[in-house]
Structure formats: C-alpha cells, structure tokens
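Engineer: What follows is each chain in one-letter form.
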Amino acid sequence: MSEQIDQALERKYDAGFVSEIESETFAPGLNEDVIRRLSAMKDEPEWMTEWRLQAYRKWLKMEEPEWAHVDYPKIDYQSISYYSAPKSMKDKPKSLDEVDPELLRTYEKLGIPLHEQEMLAGVAVDAVFDSVSVVTTFREKLEEAGVIFCPISEALHKYPDLVKKYLGTVVPKGDNYFAALNSAVFTDGSFVYIPKGVRCPMELSTYFRINEQNTGQFERTLIVAEEGSHVSYLEGCTAPQRDENQLHAAVVELVALDDAEIKYSTVQNWYPGDENGKGGIYNFVTKRGLCEKNAKISWTQVETGSAVTWKYPSCILKGDNSVGEFYSVALTRGKQQADTGTKMIHLGKNTKSTIISKGISAGRSNNAYRGLVRMGPGAEGARNFTECDSLLIGDQCGAHTFPYIESSNPTAIVEHEATTSKVSDDQLFLCRQRGLDPEKAVSMIVNGFCKEVFRELPMEFAVEAGKLLEISLEGSVG
Amino acid sequence: MLSIKKLHARVEETTILKGLDMEIKPGEVHAVMGPNGAGKSTLGYVLSGRDGYEVESGTVEFEGKDLLDMEVEERAQAGLFLAFQYPVEIPGVSNMEFMKESVNAMREGRGETPLSSAEFLKKAKAACKQVELPLDFLKRGVNEGFSGGEKKRNEIMQLILLEPKLAILDESDSGLDVDALQVVAKGVNSQRDGKRSFIVVTHYQRLLDYIEPDYVHILSNGKIVKSGGPELAKEVESSGYAWLKEGENA
Ligand SMILES: Nc1ncnc2c1ncn2[C@@H]1O[C@H](COP(=O)(O)OP(=O)(O)OP(=O)(O)O)[C@@H](O)[C@H]1O
Ligand SMILES: [Mg+2]
Chain A
1 MSEQIDQALE RKYDAGFVSE IESETFAPGL NEDVIRRLSA MKDEPEWMTE WRLQAYRKWL
61 KMEEPEWAHV DYPKIDYQSI SYYSAPKSMK DKPKSLDEVD PELLRTYEKL GIPLHEQEML
121 AGVAVDAVFD SVSVVTTFRE KLEEAGVIFC PISEALHKYP DLVKKYLGTV VPKGDNYFAA
181 LNSAVFTDGS FVYIPKGVRC PMELSTYFRI NEQNTGQFER TLIVAEEGSH VSYLEGCTAP
241 QRDENQLHAA VVELVALDDA EIKYSTVQNW YPGDENGKGG IYNFVTKRGL CEKNAKISWT
301 QVETGSAVTW KYPSCILKGD NSVGEFYSVA LTRGKQQADT GTKMIHLGKN TKSTIISKGI
361 SAGRSNNAYR GLVRMGPGAE GARNFTECDS LLIGDQCGAH TFPYIESSNP TAIVEHEATT
421 SKVSDDQLFL CRQRGLDPEK AVSMIVNGFC KEVFRELPME FAVEAGKLLE ISLEGSVG
Chain B
479 MLSIKKLHAR VEETTILKGL DMEIKPGEVH AVMGPNGAGK STLGYVLSGR DGYEVESGTV
539 EFEGKDLLDM EVEERAQAGL FLAFQYPVEI PGVSNMEFMK ESVNAMREGR GETPLSSAEF
599 LKKAKAACKQ VELPLDFLKR GVNEGFSGGE KKRNEIMQLI LLEPKLAILD ESDSGLDVDA
659 LQVVAKGVNS QRDGKRSFIV VTHYQRLLDY IEPDYVHILS NGKIVKSGGP ELAKEVESSG
719 YAWLKEGENA
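Heads up: the sequence lines are chains A and B, in that order.
Okay, so the first sequence: first residue is 1 according to the working numbering, each after it adds one.
Okay, so the second sequence: first residue is 479 according to the working numbering, each after it adds one.
No wet-lab data here; the hints were simulated from the structure.
The C-beta atom is built at its ideal place from N, Cα and C for all residues, glycine as well.
Covered stretches of chain B (in silico footprint by chain A; criterion: 3 or more residues with CB under 8 Å from a CB of chain A, positions within the stretch not fixed):
1. 525 to 537
2. 554 to 566
3. 581 to 593
One chain only, chain A, in its complex shape:
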C-alpha cells in the first residue's frame, strides 16, 4: 500500500502558475527608511508611520522563535522585498472595468471570478495581490447594511479613527517576532466593521495571492463586530510554484463585542514546495480574537499548503459566558512541516471553548498540534473540551501532540481526548474491492476523518475543502 500512497503524494499544485504582470517592487532590504517609504507609498497618516517604526524597533530586539516542531534554514530578512504592487494599481482603479485584465484572469484561473454576476451568489470578495488589494466586490450592497468591507489601506484613510481604536489591541505590535515584523511592514489586508445589531447579509471573503518573486506577504486583517452583530468571513490563499522559499507573516485581529459572533474560516493552499522540500511558502501567522460578554468566535481552518506552517488561531475569552471554538484540518505531505493549534485563554466566568483538531500526515511530513488551554483565576465554571486526532498515511511521517493546560481556577473543567490512527491496508482494500481507485479511496477515508471540521465550514467552502484535499492527495495510480 505504501507504494500507492507514495504515488498519491506526487501530487500536482494547481495554483502554481506565475502571472505576467508588471510590478513596482522595492529593492530587497529592511530598515527605517524602507518603512517610511512604504508608509509614504500608501499615503498613511503620521501616527501609522510612527506605529510601524515602533514595531520595527521592537522587532530588532527580538529573537526568532525556535520552540516550534519545525526545521527550516535561517531567513535572511535583508534579502526580502517588502513591497510589491502591480503597476496598473498605481492609479487606483475605481471599478472592475479599470482593473488590469491580466489580474482578473489570474483570479479566474484560480476559480475566483471577480465579476459580481459570475460570482458565488452571496459572497463578497476582497482580492489581495502581492502587497495590495485589487478589488473588493459587492461593496454597495454591504454599505446599505452599514457593513464596512475594504482594504485596510483604504480604511486608514476613510475610517482612521476606527482603525486607530482597534489596531493592535488584540495582537500588540510587539506580541511576537513575526507579529512585530508584520506590524512594521504590513502592506494590505482587509478591514471589516459590522455595526451594532447587524447580521452581515453575505459571506465576506479575502483571497490572498503571492505572485512576485522574493517578496514577502505581510497582510493585516482587522474585523470588528459591534454589540450583537454577526459575520462570517473566509480567507483563501495560493502562490506560484517557485524554487525559492517565500515568507508570509500575517496578523489577524478579531474583536467581538458583547453578544457578537464572528466565524472565521481559512482554506490555506500556499505552494507547499516540491516533494524534496524545495521551495514553498513559510507561513508564520498570528491570529487572535477577543470575546467580550456572551460573544462567540469560531476559527475553522483547512490547511493543506505551505512548506512550513506556524500558526495558532486563539481566543481570549474575556467576557463572561463567551465562547471560543477551533476546528482545524491540517494536511501535510512531501516534506511539509506544520506546527499548528490554538490557545484558549479563559478569563471570564462560565466561558466555554471547544477544540477539534484533525492532523493528517503523509509522505515524510511532520504534523504537530500545539494547544494551550488556560483557565484564569476568574474563570469560574469555565469549560474546555479538546479532541485531537491524528491520521497517518504511510509509515515515514510523524504526528505529534503538545497539549498545555494551565488552570488557576478549581471550578474550571478541562477535558482532553487524543487519538492516532492510520489509513489501514484493510480500509484501502475494502474500498478498492468495492471498485474505487486508491486515490479516491484515500481521499474518501481522509474526508471521513475530517467530517467534524468540514461541517463547520460555510456550505460552498465545505465542498471546496473536500475537493482541495482530494487534489492534494492526487496522482495515485492503482
């Protein structure tokens, strides 16, 4: 069986093409001058430039973290370009008709047509290409509901007070090495604001694409849900197939005020590198949400891409009765490495969190779950339930679980369950005996393993995610 599995893992990466688009790109290197220039390019307010410089100075004093269960060569931060934008974006297009057709074709090829009439009904998209947002769809319809959904660079001009009020409140600029770097050099990303009591009328989604060589992508997403509001947001990511590694260090901040609910889903398919581990994206991401009273934040992620992933979407359950959820599928194959998980910080009374993590390792990959559940002294009656399942495909891969539990309140209850299983010869044989080819069989078994997570995804994307897993496991011959 391992032979078939090996073949199954010689998958192709569908999103690996490069678009021929003229870009304006900074020369590689990072210093205060570069940050000032970047800020000036975006015509940012003075406080923003200052904020970036403070972050940069903090970053200089910090050490790159080494505790994760991943192994990659030292990154030379001076060899990276910190700004790249399609030239055609210089005079910002006002409507889709003015957007460079080559850019639109790029998204079409990725299966994300940006013409509204062709789109998935009811999904608004912000498309971010290298360092800038290309287009945001359905804006008028959203504005009618009072919802703001725009590139963060634009929000800095149009809604500076809102951005200033919340930026860095959940992930402070010196939070960790990669977050500090992001705070200094972030280029674009999405800003979402849902007013009090509003239920966002459609799914919001941002699609990130890295195209240029030797550039890093540092996007910053900020979602603010006012009291009693509700929003569901999805991000997707791809990059061309290149031999060099590329850095992606994003920061996502979610603020859910009293009784608000934010559902944040990710389908991450950055280029993972080839089967020998050459190339691929380094995905070092900080995602964190803050829940006020009775608020709920739910992270759902399907991670199949990147050479190295370092990512722990977290919830700070500050308000009483607030709820945090983390549903994750992380698939690693070839020489991919993933160290991912979550942190649930229970501060308020009767706070609840649920963690369902499904790790799938194949090939010679390594997949680690790292989760922290902290029950603060005020977390009276708080509860956590963690289920952490690993599925091994073949016998050269690894799965590791690192649960950390810290409880300072005796009334808090923490439950942890963990299982490790294999796609067995018996299962594979049963499927094939019933007429399925090995590729289909493996993807069906893996899909079954992920069911609990997939059902948390918005409908359209659950189907996408299933297909993505299938493609990721593609290439097997009977």
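Given chain A, put chain B with the ligands in place with the hints provided.
Structural biologist: Below, chain B with the ligands alone, put in the same frame as chain A:
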C-alpha cells in the same frame, strides 16, 4: 465463469495455497469448507487481488480474462465481489456515501452513467430493508460501531446493490443469530438468477440449508482435497475433519 488451475500463492514467506483447482460455471453455487487456517480466506484475497498475497504459479481465468493481471478495483468492476469475514470500519464516511461511490465506480467501469442521488437513494433504501437493517444505517459511518451481525448484513446489502457476477462470501454466516442467518441467506438467494455464481465459505451446514450449493469442496492445507454434492457438507457436519489427517498419514 471462473477457472482456477494449479494455483500456488503465498503471504509474506509462507506458501498457503498449494495447487488449488476450481471450476465454476454461471449460476453455480460452490460451498467451500475446511479447517481453520486451511486457506479459505486467503483464496478470497488472492482472487480479489489483495496486496501482499503473491501468486507463485497457476492461472485464474474470469470470464475469459486473465484475472491475475488485473488491479483490485478492475476485478471488482469486472463483477467480482468479496463479502469480508471481518468487515472493517471507515469512520466518518457514511454507508450511503460509500455505497454510492462504489455503485457509480462500477457503473463507470462498465461505461454507464452514474446514478443520481435520488435514484441511488431509492435502491439503497430497498436493499437496506431487504437485509432488515433500520434505515439510519445508511447514514452511519461504514461499519462504525456496528455489531458483528450488523456488519455481515451490511456486506449483504452491498452485495444486493452491486449485483456482482461472482460473489465470494467469506463466513457471512458466522456470528449470526438464527433470524439473521435467514436474512443473509434470503439476500443471497435473491441474487441467484441462473447467471450469477457464488463461492460460499462456511464452517456450518446450517447456512447451506438455506443457500443450497451445487457443489461442496473441502479445502485443506491449501488444496481442494475432496469435492462432492450437498451431502458432503452433511458429512463434515457429523464427522468433522479428522479423516483428513488419517488421509495424510495413509
Ligand atoms: N500475513 C500472514 N503471514 C503469515 N501467515 C499468514 C498471514 N496471513 C495468513 N496467514 C496464514 O495463512 C493460513 C491460512 O489463513 P486463512 O485466513 O486463509 O485461513 P482460513 O481457512 O480462512 O481460516 P478460518 O477458518 O479460521 O477463517 C493460516 O495458517 C494463517 O495463519
Ligand atoms: Mg477465514
């Protein structure tokens, strides 16, 4: 339909089948009996092409084609079905989803268009009722948490849905209560149409009261050592396999 000649096969380093011959014509039911470890399950695995079961010599023809040259799923699509002695669980994959994929893979293999969800659902419900399983078994994960008997009924449900040309039933009767035995037998009999053939592996005469075989073979130490009519099964039932050893010594 199936012609096995001088089949030798091994698992890892051990040769298990040692010159097995068998000839099955359309519509026939062949019962295979024999002591534990004789190689009955191995025969089913070798015929269905399971990895790790290596044919050393001999030939197997299935409907004029060289069966041994085909992949597992090709054999299945050509109409060979194995009901497992120990059906395995596939957590999270619903029975319904699994069987639909399976039925449609078979159809694709035959160049037919896939069944729509509605068409399939109708068939699946009927099959489920036929083996007297509650309909929620269609929604449950494949064999997930099923009792021993339920797993066996589930195998027969698949048999009914897939309508294979040749079905190998590996101890589909073991672990069944009296009622379940009848259900399984009825399910199998519903498939007998004078064209489809069966290899029924069993330890007990009981099943053969319900599924009447045309031939009974005794498999011992990797070979068919005796063949006969239904009366041979009764003989085994009353006197066991002690005579085999005597035969060896003689
Ligand atoms: N992987 C293996 N390695 C070595 N020997 C094996 C292996 N698998 C099966 N065998 C041996 O092959 C022989 C035949 O096994 P098989 O399962 O075909 O017997 P059986 O006739 O079906 O028995 P039962 O009536 O108990 O089901 C047994 O002696 C068994 O131990
Ligand atoms: Mg057996």
